[in-house]
Amino acid sequence: MLKIIHMNVNGKEVELAVDIRESLADTLRDRLGLTSVKKGCGVGECGACTVLVDGTSVDSCIYLTVWAEGKRVLTVEGLRSGDGGLTPIQQAFIDEAAVQCGFCTPGLIMTAVELSGTGKTYTRDELRRLISGHLCRCTGYENILNAFEKIFGKNPKT
Amino acid sequence: MYDLKNIYYPESPEEAVRMLEADENSVLVCGGTDVLIRIREGRLAGVSLVSLNDMRELKRMERESDGTIHIGPAVTFSALSDDPLIREYLPPLGEAAGTVGGPQIRNMGTIGGNICNGATSADTASMLKALNARLVLLGSGGEREISIHDFYTGPGRTVRRREEVLTDIRVAREDYEDMYGAYIKYGKRDAMEIATLGCAVLARTDTDKTHIRDIRIAYGVAAPTPIRCFQTEEALRGRPIDAALFARLRRDVLSEVSPRSSWRASKTFRIQLVKELGERALRQALARAGVPDILKGGGGHA
Ligand SMILES: Cc1cc2nc3c(=O)[nH]c(=O)nc-3n(C[C@H](O)[C@H](O)[C@H](O)COP(=O)(O)OP(=O)(O)OC[C@H]3O[C@@H](n4cnc5c(N)ncnc54)[C@H](O)[C@@H]3O)c2cc1C
Ligand code: FES
Ligand code: FES
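Taken in sequence, the protein lines are chains A and B. Numbering that gives the first Met the number 0 numbers the first residue of the first sequence as 0 and each following residue consecutively. Numbering that gives the first Met the number 0 numbers the first residue of the second sequence as 0 and each following residue consecutively.
Okay, chain A solo, but in the shape it has when bound:
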């Protein structure tokens, strides 16, 4: 069954017909071509599909698209710094070599964007807890934490 829904995706108002059985991850990937949204497990365990809905991180694989009616959805494709380049957190991932295969990266970046909204700084242990909804098979997390610490750390390394 199709339903027309309205949402703001990456700053643009979209109106589209979706199947009521669709997850937001499927809609973003298959209907809107936003393939930064990765599907790892499909059951809320890995965080690869993390996007922001009204500024809050959710696993889009277990979020029905119809729930996003009237909401703002943000994916990595919607990130841009003032000069059109990478955002500081994206640059920090590159500088700290926090990316290997890259499958977990977009989800982690979205968690970082959510944190940047709070304007707070965090200890490494707090950051560990804050990224605990993401699985990374490659990096062992240390470089990811280094990147997070560079942006949100209590004593940011320069």
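Treat each hint with caution, since some may be false.
Below, in silico cross-link-like pairs of lysine-lysine (DSS-like), each with a Cα-Cα straight-line distance of 27 angstroms or less [claimed, not checked]:
id	chain 1	residue 1	chain 2	residue 2
1	A	K37	A	K11
2	A	K37	B	K4
3	A	K119	A	K153
4	B	K266	A	K2
To be clear, the hints were calculated from the coordinates, so they are not data collected in a lab. Model, not experiment: these values are computed from the prediction.
For this one, chain A is given, so just place chain B with the ligands on it according to the hints.
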């Protein structure tokens, strides 16, 4: 694609009840972090959903003039932990909510879904048992208010009828005032892990902080449903806070729990956890109540 037939969008809990009645094949969904997984696994395939997701009326947080705190069942774990009323009056409940899953699951999953799924592992359930929470269920015949102690009937089962909506969770003033508490969850990992065992303790001391005035001990995964250890509590009430208190707790709780072996842990290990987490949670609760030098210890007497 989820294997579901239809989704209904009620505007109010009353309308949700009517929709559930009209379609026998329908179930409630709120955050969806259980229901959608069950659909994915095929255990609920082909159902229709009546969606309470984000329903404003079910997200109300309020403290009445008599001190009763109302918790909206559709409040997410994150919103609960951050809520000013919870921070001021029910911090142990916020602590329990903070142990669920990971950040994204806490942004989606709700406290109402946590108890209505009937799971013994539900992290907020044992704390709500310690708090003597009362649950308001709205059905076709109107509302009924029941104690959480009468809610669970077995693993994954509760007295809630399919067409009943949980509309309010109530905690009375005498169940939180001057009470200090702790929730300890044991899992193989610190995050994204269902509890191997969970323990919620609340305690109230006398004014000079040498005796237990009131105590509540509740466990998750120590039995087919979340449980309270009423007899142990009775035996500990009024006792001086000393080594004998903890020894007694470790001994007495064992007659009230009935843990099982599962792929997560053996029965023997769970029994060890029951004793250990019980003592540790009580020590933490007492430390928060202002009892000096109480955190160390534990593990001495197996
Ligand atoms: C990756 C992952 C990790 C998890 N980790 C944990 C964990 O650590 N600890 C834990 O306790 N749980 C955990 N869970 C389980 C789940 O997130 C929680 O139980 C959560 O509280 C469910 O809430 P929900 O709103 O998402 O429930 P839903 O899936 O929407 O509903 C759950 C059940 O409650 C019923 N229901 C929901 N709201 C109402 C209402 N207002 N009135 C009547 N019935 C209602 C539904 O019909 C359904 O039977 C995890 C789940 C996932 C996917
Ligand atoms: S794909 Fe959504 S959490 Fe794994
Ligand atoms: S870089 Fe490969 S999963 Fe994280």
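Unsatisfied constraints (hint numbers, rising): 4
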